[in-house]
Structure formats: structure tokens, C-alpha cells
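**Student:** The lines below spell out each chain.
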Amino acid sequence: MSELVEALKNKLGDLNPEVSEGKGFISVSVDSSKLREAAKRLLEMGFDHVKTVTAVDYMKEKQFEVIYHASSYLNTDLAKYIVELKTRIPRDNPEVDSLSDIWVSAEFLERETFEFFGINFRGHPDLRPILLLQEVADKHPLRKDFIVKEEGIFK
Amino acid sequence: MTDWIRLLIDIIFWPPLFQLVIAPGLVAALLVVIFIIWFERKTAARVQMRIGPYHISPRLGGFLQLFADLTRYAFQEIIIPTAVDKPIFIGAPLTALVLSLLPVVSMPYTSTPYYYPLPMDYSLLLTVALSTISPIFIVAAGWASNNKFAVIGSLRESFVITAYELLIVITALSGGVAALSYNLVDIVNAQTPFYKWMIFTNPIAALTMFAAILMATSGFPFEIPEAENEIVAGAFTEYSGLMYGINMGSAYIKRFVYSLLFTLVFLGGWLPYKPGIHLIDGYIIPLVVVLVKATIVMAIISFLRAVYGRFRIDQALDGAWRIFIPLALIGFGLALLEAYMGVYA
Amino acid sequence: MSTTTTIPKKLPGMDLKKIGKDLYEVFIGPQHPGSGHMRIIIRVDGDVIVEADPDLGYVHRTMEKLAEGREFIKIVPLMERMAILDACNITLPYVEAVEKLMDIEPPPRAKYLRVLLCEINRVASHLYGMGIFGVFLGHSTMYMWPFGDREVFVELAEKLTGARLTHTYAIPGGVRRDLPQGFKEDAEKAVRYMFKRLEEYRKIFLDNPVIQKRLIDVGIISKNLAAKLGIVGPNVRASGIKYDVRIIEPYEAYDELDFEVPVYEEGDAFARAWIRIIEIQQSLNIIRQVLEKMPEGDPMHEKFWAKAPPLYKKVFQETKRVKLIPLFANLKVPAGRAFARAEAGRGEVVYMVESQNAMKPYRVRVVSPSFRNAIVFKYIVPGHRIADLPAIYGSIDYFPPEADR
Numbered sequence: 001m002s003e004l005v006e007a008l009k010n011k012l013g014d015l016n017p018e019v020s021e022g023k024g025f026i027s028v029s030v031d032s033s034k035l036r037e038a039a040k041r042l043l044e045m046g047f048d049h050v051k052t053v054t055a056v057d058y059m060k061e062k063q064f065e066v067i068y069h070a071s072s073y074l075n076t077d078l079a080k081y082i083v084e085l086k087t088r089i090p091r092d093n094p095e096v097d098s099l100s101d102i103w104v105s106a107e108f109l110e111r112e113t114f115e116f117f118g119i120n121f122r123g124h125p126d127l128r129p130i131l132l133l134q135e136v137a138d139k140h141p142l143r144k145d146f147i148v149k150e151e152g153i154f155k
Numbered sequence: 001m002t003d004w005i006r007l008l009i010d011i012i013f014w015p016p017l018f019q020l021v022i023a024p025g026l027v028a029a030l031l032v033v034i035f036i037i038w039f040e041r042k043t044a045a046r047v048q049m050r051i052g053p054y055h056i057s058p059r060l061g062g063f064l065q066l067f068a069d070l071t072r073y074a075f076q077e078i079i080i081p082t083a084v085d086k087p088i089f090i091g092a093p094l095t096a097l098v099l100s101l102l103p104v105v106s107m108p109y110t111s112t113p114y115y116y117p118l119p120m121d122y123s124l125l126l127t128v129a130l131s132t133i134s135p136i137f138i139v140a141a142g143w144a145s146n147n148k149f150a151v152i153g154s155l156r157e158s159f160v161i162t163a164y165e166l167l168i169v170i171t172a173l174s175g176g177v178a179a180l181s182y183n184l185v186d187i188v189n190a191q192t193p194f195y196k197w198m199i200f201t202n203p204i205a206a207l208t209m210f211a212a213i214l215m216a217t218s219g220f221p222f223e224i225p226e227a228e229n230e231i232v233a234g235a236f237t238e239y240s241g242l243m244y245g246i247n248m249g250s251a252y253i254k255r256f257v258y259s260l261l262f263t264l265v266f267l268g269g270w271l272p273y274k275p276g277i278h279l280i281d282g283y284i285i286p287l288v289v290v291l292v293k294a295t296i297v298m299a300i301i302s303f304l305r306a307v308y309g310r311f312r313i314d315q316a317l318d319g320a321w322r323i324f325i326p327l328a329l330i331g332f333g334l335a336l337l338e339a340y341m342g343v344y345a
Numbered sequence: 001m002s003t004t005t006t007i008p009k010k011l012p013g014m015d016l017k018k019i020g021k022d023l024y025e026v027f028i029g030p031q032h033p034g035s036g037h038m039r040i041i042i043r044v045d046g047d048v049i050v051e052a053d054p055d056l057g058y059v060h061r062t063m064e065k066l067a068e069g070r071e072f073i074k075i076v077p078l079m080e081r082m083a084i085l086d087a088c089n090i091t092l093p094y095v096e097a098v099e100k101l102m103d104i105e106p107p108p109r110a111k112y113l114r115v116l117l118c119e120i121n122r123v124a125s126h127l128y129g130m131g132i133f134g135v136f137l138g139h140s141t142m143y144m145w146p147f148g149d150r151e152v153f154v155e156l157a158e159k160l161t162g163a164r165l166t167h168t169y170a171i172p173g174g175v176r177r178d179l180p181q182g183f184k185e186d187a188e189k190a191v192r193y194m195f196k197r198l199e200e201y202r203k204i205f206l207d208n209p210v211i212q213k214r215l216i217d218v219g220i221i222s223k224n225l226a227a228k229l230g231i232v233g234p235n236v237r238a239s240g241i242k243y244d245v246r247i248i249e250p251y252e253a254y255d256e257l258d259f260e261v262p263v264y265e266e267g268d269a270f271a272r273a274w275i276r277i278i279e280i281q282q283s284l285n286i287i288r289q290v291l292e293k294m295p296e297g298d299p300m301h302e303k304f305w306a307k308a309p310p311l312y313k314k315v316f317q318e319t320k321r322v323k324l325i326p327l328f329a330n331l332k333v334p335a336g337r338a339f340a341r342a343e344a345g346r347g348e349v350v351y352m353v354e355s356q357n358a359m360k361p362y363r364v365r366v367v368s369p370s371f372r373n374a375i376v377f378k379y380i381v382p383g384h385r386i387a388d389l390p391a392i393y394g395s396i397d398y399f400p401p402e403a404d405r
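Residue numbers (my numbering), protein chains in the order written: chain C, 1 to 155; chain Y, 1 to 345; chain E, 1 to 405.
Hint data in this document are derived by calculation from the structure and do not stem from the laboratory. Beta carbons are placed, not taken as given, at the ideal position from N, Cα and C, and that holds for glycine. Hints may contain errors.
Said to hold, decoys possible - Reference listing, derived: stretches of chain E covered by chain Y, where coverage requires no fewer than 3 residues with Cβ under 8 Å from a Cβ of chain Y:
id, region
1, 31 to 44
2, 130 to 136
3, 202 to 214
To be verified - According to the in silico footprint, chain C covers these stretches of chain E (three or more CB under 8 Å from chain C):
id, region
4, 60 to 66
5, 153 to 166
6, 171 to 182
7, 284 to 291
8, 303 to 312
9, 380 to 394
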């Protein structure tokens with residue numbers, strides 16, 4: 001794993017990534033303006049598909065973290081590893097470049113992230129809700145300020 | 001008093017009426033269809049590790065289930081969508097039902113001339129011609145439904161019609177060619193010794209006609225116009241209640257009619273029984289023999305449901321035009337050869 | 001969610017959209033015998049599909065949001081609901097992710113028991129898929145047989161866990177129950193029966209000329225395209241990519257077991273059908289091996305017993321059954337983020353769990369195999385005929401509740 005960390009540091013060196021080992025993945029954090037460039041280089045390295053695209057809402061820091069988990073099918077050595085490519089974007093203007101032309105597998109996953117967080121993926125070929133109705137998607141259910149009221153058993 | 005009974009019997013057993021309404025027409029056809037549906041469900045269930053219809057009459061193996069289903073269909077609400085072309089939507093299935101039943105009148109079920117419904121000289125041609133009328137109304141019903149699946153279904157139906165009708169005409173006529181007659185009575189009578197049944201002397205034509213019947217009546221593996229998982233119920237998507245039942249019924253009656261024709265041409269009709277001249281031995285018994293044979297043909301068609309999936313429309317048409325038409329022509333050639341050599345002379 | 005119901009002004013699909021000349025738009029689903037709980041909007045030119053747009057979400061339950069409001073243990077039964085036949089496989093990565101965060105490893109016996117249930121689930125899941133596949137092609141026998149034989153494995157799972165479908169068997173720290181008595185004999189009987197049945201499936205379905213005609217060269221996904229689309233599971237292996245999490249990153253006890261992962265080069269629907277049959281065979285082999293190699297020991301990590309009341313400890317030591325409530329009611333998971341993956345029946349399922357040292361997770365991200373396979377509809381279906389749509393749908397074993405989560 002540490003070899004791959006070094007390789008990633010070399011490959012993405014001029015993008016100032018923060019590379020670290022996580023629990024089950026290798027984390028690569030870049031600035032949102034350099035996300036596309038980083039994705040292109042990961043694709044060159046052989047990370048040919050993404051497993052998830054998601055975001056985490058850090059309401060206190062007023063930020064979203066957009067996360068792509070990339071891995072490889074064609075390269076069996078890289079298939080053992082999962083690279084978490086992530087970037088932070090401001091919460092009040094959530095916009096980030098779409099990677100679905102680099103990784104086609106990200107297309108539906110980006111649509112899902114768009115509807116649940118309201119993150120606008122610039123340059124996405126077909127950005128509309130996929131699982132939710134437009135009315136529900138407008139409320140962006142996975143943001144932390146969307147509160148679900150559940151009926152408890154003992155309440 | 002006896003005159004009254006005599007008259008009544010004469011009216012009931014007047015062949016044009018009797019054949020259309022009672023046997024093998026409406027009543028017998030209904031019974032056979034119900035039996036075949038029950039048989040289809042039971043055998044399929046047997047193959048598929050199930051029981052099939054059972055609980056409504058355990059001693060009869062659930063046979064009454066079918067009557068229950070029939071009652072349900074009869075009393076269900078018939079929903080007519082607002083967007084349909086009403087006269088055709090209602091009229092087409094009914095017309096199709098009646099017309100699909102017509103060919104039973106043009107076929108003989110005995111060699112006793114007294115019990116012919118019509119003059120029999122060109123009965124083979126007449127039967128084939130009558131049997132080709134009804135499909136157009138299914139296409140019309142699908143078109144009038146104003147539903148995308150129905151339109152696709154009726155388009156498929158029309159594609160399949162063009163493929164199978166030629167087959168049925170060629171193969172049925174090859175029977176007539178071999179026996180040197182378009183008279184179905186002559187064709188049946190020509191097959192006198194057991195081994196001269198045309199299914200043995202001309203198996204190619206028989207096989208082709210069997211496949212064409214499968215195609216004509218949406219039997220597996222050619223269950224294409226009503227492919228459930230692709231186009232819901234094909235041309236009948238918008239129908240409900242009794243109207244749907246009529247549509248299904250006319251499809252089964254069509255299969256029954258073709259089975260009767262197949263029985264007469266290839267399975268030796270009422271043979272090996274030799275009809276007498278009285279009502280019972282000259283009409284009823286040969287009729288029953290023909291019905292039993294036709295039912296067996298239908299049962300074989302039904303059993304294929306448990307074995308095959310369905311072809312794609314282009315594959316079925318491809319098979320019909322490239323494989324079965326040449327086969328039918330070979331069968332026709334074989335019939336010509338038999339006629340030349342005087343096998344049935 | 002707010003209590004006032006809002007009526008959607010515009011439903012997807014109801015908006016008018018200009019389509020090409022001579023095209024016919026057909027809505028397959030959601031009330032359609034060949035669609036499942038989803039809709040595929042196809043535009044056809046004659047009989048050939050030129051455009052397909054999968055419209056998912058008809059059974060969406062927002063599990064990720066619900067998970068944020070639940071304690072860690074309650075998420076296991078929640079996540080099971082997306083693929084109840086595959087309950088152990090589909091929740092295993094979540095359990096592993098939580099274990100990674102807590103830095104514990106389950107005892108070896110628990111690992112073997114998890115593998116055992118996973119493989120039983122995999123067989124049941126594949127049989128379900130084969131059944132749906134059969135009926136999509138109009139083959140009613142292939143619909144009934146696997147559904148009947150699935151019962152054998154559902155009952156096997158019931159013997160092991162006490163529940164037919166939603167087992168909640170794998171829990172952080174181990175499994176909920178130990179192996180019951182006499183299970184080995186029952187499993188051996190089921191395995192032998194299934195081997196025999198697979199041979200009959202081959203005879204009636206895969207060797208059937210009609211089925212072969214419908215499947216061969218239909219829905220071809222090339223190796224590179226499969227990697228590009230990121231499809232998963234048997235589908236990607238049918239395209240010549242040897243990717244199976246059980247081999248790539250062995251979890252639980254898979255590195256100690258001897259099994260093969262079938263790979264086909266053709267990438268068509270027929271290869272995808274075959275691969276399921278072979279995978280069932282391999283799973284049956286794994287079940288046999290697991291039962292032979294099963295180590296002795298507790299099925300639950302001892303850490304969880306430290307604070308348990310004495311009565312529960314006694315119950316556990318005598319019957320090896322876990323009472324969930326006292327052990328997990330105030331389970332606090334250390335802060336951090338963990339990622340885990342596993343090979344479920346329909347393919348790879350991945351979880352990302354983020355905790356902020358609380359009793360409830362901060363974020364749970366799950367991507368199910370079917371959701372990643374949904375992209376096939378958009379990119380592979382165009383160019384095929386309408387009748388091929390069920391064949392492709394069935395061959396990728398798409399399962400809407402799993403995709404919608």
C-alpha cells in the first residue's frame with residue numbers, strides 16, 4: 001500500500017495532493033479546481049472506474065466534501081486498492097467539475113449526488129434527478145439540515 | 001309424439017346448425033378449450049414441481065377451477081377506455097370469435113353424405129380460406145385500442161400472419177394434391193390403411209403445418225404477438241373481463257380449428273372407424289374420434305409451453321421464410337410425387 | 001419529512017419532449033410484467049431501440065438518510081431490506097466497515113459462519129435471478145424450478161439463523177447464533193440436491209435451442225466497455241474481467257478456502273447465464289468446505305461481553321446465542337471513515353461509513369451492485385430489438401429494490 005501512496009504522490013505531485021492511508025482506502029485530497037486533472041492522471045495510472053460518487057455534508061465547517069472512490073478492473077494489481085479522490089467545496093455555492101466524461105461509470109452516481117446534495121456537476125451530460133422526483137430532489141434530503149421525523153416505538 | 005321427437009332430433013342434428021353450435025362448434029369447442037387449458041396448467045405444473053389447480057375440486061384434479069375462472073371473467077366489469085375507437089374495439093373481438101369458428105362448418109366429420117353440412121367438393125379450399133379471415137380483426141382490435149403495446153402487438157400479429165398463412169395453405173393443399181382431390185372426405189378416405197396416414201407418408205408437410213399452427217395460434221415457442229414480458233398482452237392489452245376472455249377464447253378456438261384440419265388432412269380423420277349410416281354410428285362416433293384426435297394435437301401444442309421459451313419476432317419470421325417455406329415446398333413436391341406414383345389412387 | 005403531502009406538479013416522463021422523427025416512445029414499466037419496480041423509457045425505430053433511459057427510484061427508501069438517525073446496530077436490519085434474499089452479503093461490508101472503525105476482528109468461527117451464510121444467500125440470489133431470467137424469455141419451467149429450489153436454501157438459512165430472509169446474522173464483532181446441531185447433514189443434502197438440479201437446468205434451459213438463439217450475441221459488453229461502465233459481479237466476469245472481491249481482496253475466511261471464479265470472454269447474455277450456474281456450483285463447494293474446516297470457538301468477539309449483564313453472559317455461554325440489545329444499545333464507534341466492499345450475489349457492494357465518535361453514524365454511503373449495473377440500460381440496450389430488452393434485463397440480473405436502496 002505504501003508503494004502506491006508514493007506512486008500517487010509522484011504522479012499527482014504538482015497538484016499538491018494530501019495523500020494518506022485510510023481504513024480500506026488511500027485518500028487523495030485535492031483542490032476542487034484540480035479535480036479533473038487529478039482524475040485524468042488517475043485514469044492514466046489505470047484506475048478505470050469509480051465505485052461510488054458521494055458527498056458528506058459538514059455543516060459546521062460550511063463545506064461539502066465530494067468523494068470519488070476509484071479502482072481498477074483491467075489492472076489486477078491496482079484492483080486491490082481503492083483510491084478516494086476527494087475535494088472540499090463551499091456549502092453555499094456547491095459546484096464542482098463533472099468527471100463523468102473521464103469515468104463514464106460516474107454518470108449515474110453523480111446524478112444521485114446531485115439530487116441528494118444539490119451539488120452542481122459542471123459539464124455533466126444529463127444532470128437531472130435519478131431516484132427522486134424533482135419536488136423531493138429540490139429539498140436535497142441528504143443535507144444535514146433536512147431533518148427526518150420518525151415515529152419512535154416508545155415515544 | 002314420436003314425430004315430434006323425430007323432428008326435434010332432425011333439427012338439432014341438422015349438420016350446418018349442429019356443427020356450428022354444438023359439436024365441434026361452440027359448445028364442444030368450449031369444453032375442449034376448457035379441458036385443454038386445464039391440461040395445460042396441470043402438465044406444466046407437473047413438469048414444474050407444482051400441483052396446479054387443485055383445491056376447488058380435489059377429486060377432479062381441480063377441473064372445476066376453470067369454470068370458476070370462466071364465471072369470474074363473465075362477471076368482471078368490462079372497462080372500455082375513453083380513448084379507444086369504440087365500435088371497432090367492441091366489434092372486432094366478437095367478429096373474430098364468430099369468424100374463427102366458421103371453418104368448423106365447412107369440414108366433414110363423417111363419410112356419410114347425409115351428414116355433410118355443405119357440399120364437400122372443395123371443402124379443403126373453403127376451410128383454408130375461411131380460417132384466414134379472423135386474424136385481421138385481431139389487428140383491428142389492437143389498432144382500435146389506441147395503446148402502444150397493443151399497436152406493437154397487432155403489428156407483430158400481422159407480420160406473423162403473412163408468415164404462417166402461406167405455410168398453412170401450402171401444407172394443407174399438399175394433402176389435397178396427394179389424394180388428387182380438394183374434397184376432405186376423399187382425402188380422409190384415401191388414408192385407409194394405418195400406414196397411409198399422411199403424417200407417415202408426408203412427414204415434412206405435417207411437421208411444417210404443425211409449426212405453422214404454433215405460429216398461427218401463438219403457441220410456444222412462437223408466442224410472439226402476446227409476449228407478456230415485452231408487450232404486456234399484445235393486441236389485447238386494453239381489454240378486460242369478458243372481452244379479454246373472448247379474445248383468449250377465439251385464440252384457442254383458432255387453435256382448435258387448425259387442429260381439426262390437421263387431424264383430417266394428416267391424421268386420417270375418423271379412421272380407423274368406418275362410419276355407418278345412422279345418427280349414432282354414422283355421425284356421432286366419427287365426430288368423437290375426430291375430436292379426440294384434435295384434442296391430442298392441442299395437448300401436444302400446450303405441452304410445448306413447459307419446454308420452450310419464445311423466439312424473437314425477427315428470428316421467427318426468419319425461420320418461417322427461410323426454413324419452413326422451403327420445407328413446405330419440399331412437402332408439396334413430395335405430395336406431387338405421391339400423386340404421380342399413385343400412392344392414394 | 002414534512003407532514004403536508006405535496007402533489008408533484010410534474011412527474012418524470014409526463015413532460016413533453018421532442019423526439020426524433022419516425023420514433024415511437026414506449027414506456028416499459030412500472031406497471032409492466034417485464035419491468036419490475038422501475039421504468040425504462042425506450043424510443044424505437046420500427047422494432048429497434050435507438051435510445052433507452054432507465055427511470056429508477058420507484059422503491060427508493062433513502063436508506064442513507066434513515067441510517068443517519070439510527071444506532072449502529074439498527075442499520076444492519078435496515079440495509080438488509082434492499083435485497084432480502086441476499087441479506088448477509090449485502091450487509092457484510094457495513095459490518096466490516098464498523099469493525100474496521102472499532103479496530104476489532106471477529107473470531108475465526110464467526111468468519112466461517114459468515115461465509116457459510118453468504119454462500120447460501122448467493123445460491124438463493126442466483127436462483128432468484130435465474131427464475132426471473134427464465135420468465136422474461138417466456139420459459140415458465142425455468143421460472144418455477146429455481147423458485148422452488150430456492151426454497152431449499154431459504155430453509156437452510158432459516159435453520160442457521162432462525163429467519164428465512166432478513167437474518168441480521170452478521171453483526172459487528174461476530175454472528176448472532178452458533179451453528180445448530182445437525183446442520184451439516186442438512187446442508188450436505190441440499191448441496192447434493194442442487195448439484196443434481198443444476199444439471200437439469202442446463203438440459204432444459206441452457207441447452208435449449210430457442211434460449212440459445214435468444215441469448216447468444218445479445219447484449220454484448222466488451223471487456224473495455226465493461227470496465228468503462230463500471231458494471232459489477234457476474235456481468236463483469238462474463239466480459240472477461242477476473243474481478244471478484246472474494247479473490248481480489250479476500251475478506252472473512254475466503255483466503256483459506258479453495259474455489260474458482262468463472263470468467264467468460266464472450267460478454268453476451270448467454271455467458272452471463274452460464275456464469276451464474278457455475279457460480280452456484282462453486283458456492284456449493286464453498287459451503288461443503290466451510291462445514292469441514294469450521295474452527296471451534298466463540299461466534300462473538302469477547303470485547304462485547306465485557307460489560308454484558310451476567311444473565312446474558314450465561315445465556316451466551318450455554319446456547320451461543322446473542323441477545324442484541326444489551327450488547328449494542330450504547331455502542332459507540334470511534335471517529336473516522338472506513339470503506340469496505342464485498343461480493344454480493346449480484347456483484348460488488350461497497351459501503352463508506354463515517355463516524356464522529358457517537359452512537360449514530362455521521363454518514364453511511366452504500367452503492368449496491370444493481371445500481372451500478374443500471375447504466376447498462378443506457379449504453380448497451382440501444383441497437384437491440386424490443387424483445388431483447390427482457391433478455392438483457394434478465395441477464396444482468398437487475399433487482400430494483402436493491403438499486404433504489
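**Student:** The structure should be examined with respect to each hint, and the outcome stated for every one.
**Tutor:** To see whether the hints hold, each was checked on the structure:
no. : hint       : result
1   : 31 to 44   : holds (count 3)
2   : 130 to 136 : holds (count 3)
3   : 202 to 214 : holds (count 6)
4   : 60 to 66   : holds (count 5)
5   : 153 to 166 : violated (count 0)
6   : 171 to 182 : violated (count 0)
7   : 284 to 291 : violated (count 0)
8   : 303 to 312 : violated (count 0)
9   : 380 to 394 : violated (count 0)
Checked against the numbered hints given earlier, this structure breaks hints 5, 6, 7, 8, 9; the rest are met.
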